[in-house]
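Enquirer: Listed below are the residues making up each chain.
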Amino acid sequence: MVHEWALAEAIAEYIEQQAKGRPVKKLVISLGVLQSIDREILDFALKNILDERNVRIGSIEYVDEEVVLRCKRCGYEWKPSMNEVDESIREAIHFVPEAVYSYFKCPRCGSRDFEIESGRGISIKEMVFDEHPK
Amino acid sequence: MNTQSDPRLLVIPQRLAGVKHIVPVMSSKGGVGKTLLSTLLALAGADKKLKVGLLDLDFTNPSTHIVLGIDPASIQPVEEKGVIPPIIHGIKYMTLAIYTGENPTPLRGSAINDAFLEILAITRWGELDYLFIDTPPGLSDPQLNLLTYLPSRIEPLVVATPSPLAIRSVEKLLKVLIEGNYKITGLVENMSNNSKLLKIAEKYNVKYLGSIPYYNNIDGLIGNLEALRSSQFYGKIIHILKGIIRA
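Protein chains in written order, with my numbering: chain W, 43 to 176; chain P, 10 to 256.
Just chain P, same shape as in the assembly (with noise of 0.2 Å):
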């Protein structure tokens, strides 16, 4: 089907329609933390609760189902007119990974378009006030399909680790979506002792939303959301989602 003018483009927005905000929680470079950063600002939000989703936009290797601690093959979305994500912790949450289990999903990017305009045609968020969402790592098809598709909908959060290489990486995905007149929501610095990204969100006039020490016990406790809950982490999680709220 031509993308141009693909029927499935025409409801998407209908689909999101009560969504209030839509957070893209993104990073060019891989292993900054988005997974657990998207996941948690969810959690977060849920034991606040906000009406929050979830959507793992890493087709080739979902893992919010992972923080989550739950089997997404066991997951039987309920179907009315369309597809209504099963609430897990308190979390609309969809992910490709229901469809796919723990089978390798290897796909290219007409691929990885093609689900992308299929799962938000058929998911029936309703209302939320915010819709996290997982990205993989990179600037490429899963990125632009939220860049191009939604352009005024989405309010993307930048996270960086203070590595040079993250920082190079960073800079040249901000600078995407000025060009792009996008509405940041802000950016994170993770793994990081210190406040180094300050003035590269100062530099970009992004909002500063705080900077969250590298703990090394961290993956030890995913999958258990009750010692996530209780952890340094998640306290420093708390913080960044009121300022998002704040946003």
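Bound conformation, chain W alone (with noise of 0.2 Å):
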């Protein structure tokens, strides 16, 4: 099993202390399109990690972030499509995504100076809990 079960493992901890015995109605998390996660894998580690864990959930809805990288230096903003990028490099900014560094430059300028400014990696991006289950 790939890694998107260790993040999965972090977001159970997560929900779990969160929750403090409560059903999760719905829950939404955001998926940064950077970190090429496997939404299927990550669906089925985190259903998994939820049940051993005797927490009771509702609906899981993914959504995509696109990346957005922003220049320090020249202030270009650019949307890189991660689908165009050369699968070992994808690889390397599956795993950190602060690979990103080694391989992106700004088009503009040519620096390595520029800011993630959305699509990084996986968030929470809302949690509704049940305060009256039956």
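Hints are not guaranteed to be accurate.
[As the list claims (entries may be wrong)] Straight line, CA to CA, 25 Å or less: simulated BS3-like cross-link-like pairs of lysine-lysine:
1) P:Lys192 x P:Lys205
2) P:Lys90 x W:Lys89
3) P:Lys57 x W:Lys167
4) P:Lys245 x P:Lys205
For the record, the hints were derived by calculation from the structure and aren't laboratory data. Every value quoted in this text rests on a predicted model; they were computed, and no experiment measured them.
With the hints in hand, could you dock these two chains into one complex?
Expert: Here's what the structure looks like:
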């Protein structure tokens, strides 16, 4: 099982702590496209781990977050298409998104000093608890 | 992701649960020999049949792989519910260079923090006697991540040379470690023909682990493990490791 499992464990731990025994009605997870997370594997891992921990969960929704990079030197903003990135580079960024600074440069001025404005990795966008479970 | 509520922080203690001693090799001053010391301590530990790991925390300038004489880009870590560090010369080894190769990797503080949390959250070290950590110089994000997120787990090993520049710097680091009530493994004096730093160790009540002379041929041995193992430098490293184990 690939490393999505490790990230699913972190998210499950967080959900369990926040839920404090309450069922989770709705969970929205944002997937930054830069990290090329396999949604199916993450979903499988997350549901399994939450089930093992007896955390009841209603729906899990996944939302892709577009990659937006902004150069700190010249201010240029660009949206790289990860599908066009070489497989080995995508794989490196998949494990540690900060590897992006080794491979990407500002298309306008060549600087590697850019900011990941959005689309880095996994984050919890919304979590709704069932306050009155039956 | 907000650092205070970052889910990755919650699994890091579990990832390190099987590690008995986490020893970051630290010095605020650059060029005092942290990389060589941390890497060879890990190697000496592995040679002694201890279970050891080595983490290169110098994300913008990783170089432990150069000491180990390997091409990091050729390493393929095993994925098993995370990343299992590859075993290199008996050492469980993790470095960002596995993913960045020899490309320049300039990182601002926020990116250093994210890389730190990501690597520690996904790496499954398993059972280790010692995890040595090579840290970059300075007292900024990379060091603060260790001090803040793993305060009760780390046992810093401080290294300095007898240069007045390094002495002032090491005193500042020791003050921070003592104020924070960290368990300090000890102080190593590098590139020195005397024991000038013994006084500093006594002043701060820190164990003086020994002095390593300046060997002008050491750079020529980097990357050649057999030559390193038979060097006088390595003999000193073994002596220091024994002091760490006794501590």
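Enquirer: Could you run down the list of hints and mark each one as holding or not?
Expert: Status of the hints after comparison with the structure:
no., hint, in the structure
1, P:Lys192 x P:Lys205, "23 Å, holds"
2, P:Lys90 x W:Lys89, "14 Å, holds"
3, P:Lys57 x W:Lys167, "49 Å, violated"
4, P:Lys245 x P:Lys205, "17 Å, holds"
Checked against the numbered hints listed earlier, the structure breaks hint 3 alone; every other hint is satisfied.
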